[in-house]
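Make the full structure from the sequences, and use the hints.
Residue numbering for the sequence shown follows full-length UniProt numbering, starting at 1 and increasing by one per position.
The set of hints was computed from the structure by calculation and includes no laboratory data.
Note that the coordinates shown come from a computational prediction; the quantities given were computed from them, not determined experimentally.
For every residue, glycine included, the Cβ atom is placed at its ideal position computed from N, Cα and C.
There could be a bad hint or two in this list.
To be verified - Computed list of lysine-lysine pairs in BS3-like fashion (alpha-carbon distance at most 30 angstroms, straight line):
| # | residue 1 | residue 2 |
| --- | --- | --- |
| 1 | K248 | K43 |
| 2 | K93 | K9 |
| 3 | K202 | K93 |
| 4 | K43 | K9 |
| 5 | K18 | K93 |
| 6 | K93 | K248 |
| 7 | K43 | K202 |
| 8 | K93 | K204 |
| 9 | K4 | K18 |
Said to hold, decoys possible - Listed next, with one range per pair, are the computed distances between beta-carbon atoms:
| # | residue 1 | residue 2 | range |
| --- | --- | --- | --- |
| 10 | A242 | D186 | 19 to 29 angstroms |
| 11 | R199 | R219 | 18 to 28 angstroms |
| 12 | L2 | P34 | 26 to 36 angstroms |
| 13 | E206 | A21 | 17 to 27 angstroms |
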Amino acid sequence: MLDKFREAKRLEIESLHKDFAAGRIPAAYQGERPSFVEAIRAKGPGAIIAEFKPASPSRGVLGENLNPLDYADTYAANGAAAISVLTEHVYFKGSPDFLFMMNGPGLPLLRKDFIFDPLQVAMTASSPASAVLLIARMCDDAAHLRQLIDIARMPGLAPVVEIFDQADLDRAREAGADIIQVNNRDLDTLTTTLDQGRRFIKQKREGELWICASGVDTRAQVEEMAALGFDAILIGTSLMEADDPGAKLAELTGV
Numbered sequence: 001m002l003d004k005f006r007e008a009k010r011l012e013i014e015s016l017h018k019d020f021a022a023g024r025i026p027a028a029y030q031g032e033r034p035s036f037v038e039a040i041r042a043k044g045p046g047a048i049i050a051e052f053k054p055a056s057p058s059r060g061v062l063g064e065n066l067n068p069l070d071y072a073d074t075y076a077a078n079g080a081a082a083i084s085v086l087t088e089h090v091y092f093k094g095s096p097d098f099l100f101m102m103n104g105p106g107l108p109l110l111r112k113d114f115i116f117d118p119l120q121v122a123m124t125a126s127s128p129a130s131a132v133l134l135i136a137r138m139c140d141d142a143a144h145l146r147q148l149i150d151i152a153r154m155p156g157l158a159p160v161v162e163i164f165d166q167a168d169l170d171r172a173r174e175a176g177a178d179i180i181q182v183n184n185r186d187l188d189t190l191t192t193t194l195d196q197g198r199r200f201i202k203q204k205r206e207g208e209l210w211i212c213a214s215g216v217d218t219r220a221q222v223e224e225m226a227a228l229g230f231d232a233i234l235i236g237t238s239l240m241e242a243d244d245p246g247a248k249l250a251e252l253t254g255v
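And the structure:
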């Protein structure tokens, strides 16, 4: 699955390198970049990162003609600590433009995409994003991941490193990651189990911030993951499929 995602980014990365070679280097965003970590700490443990994604590989199209601005306002009004914004187009129907469109309410934005090239991180820094997702196993090795982490931190982006197994966690730690996102989804079957999060959270270290992603859709599950030690829960599909996303988020956040 990740190989498919990597291939989907090939033309974009080639274009970024051509622009860079021609001297067209994106300037860093000059507006306010609210702290992703502070926002999570303020509402954690169990803070909700509400996700906006028009589609997903496992569920297909989640909604037609969705307005990112409406979702940003709804998420801010119903207790979200931050917003995860899908910017990948082929499989998730996202766009980097969503980062600018969803910046209005002032919540920290996490750019969620398949990012494994330094210039993709530089492009993220030219947006209002406060954090960027880096998938450990999409990097060649720990040195590659560390490079991306270091580049992200320079303009103030929080590097969120996603793991699926023990090898991913070991690589993340070797690379100096301090924000760990445990994905509960099996990439081969696209099924989810919270047992993944329950198992990995036992390895959380002092000073780290941990996020539980995929498979949470009830308040009871949010409370369980928070009690186990997760600082935040990233929730997307259940919000995108809800008839009333605001009411669903209010239920999940307990506001």
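Evaluated hints:
no., hint, result
1, K248 <-> K43, "holds (18 angstroms)"
2, K93 <-> K9, "holds (13 angstroms)"
3, K202 <-> K93, "violated (35 angstroms)"
4, K43 <-> K9, "violated (34 angstroms)"
5, K18 <-> K93, "holds (24 angstroms)"
6, K93 <-> K248, "holds (23 angstroms)"
7, K43 <-> K202, "holds (21 angstroms)"
8, K93 <-> K204, "violated (33 angstroms)"
9, K4 <-> K18, "holds (23 angstroms)"
10, A242 <-> D186: 19 to 29 angstroms, "holds (24 angstroms)"
11, R199 <-> R219: 18 to 28 angstroms, "holds (22 angstroms)"
12, L2 <-> P34: 26 to 36 angstroms, "holds (30 angstroms)"
13, E206 <-> A21: 17 to 27 angstroms, "violated (44 angstroms)"
Hints 3, 4, 8, 13 from the earlier list are contradicted by this structure; the remaining hints agree with it.
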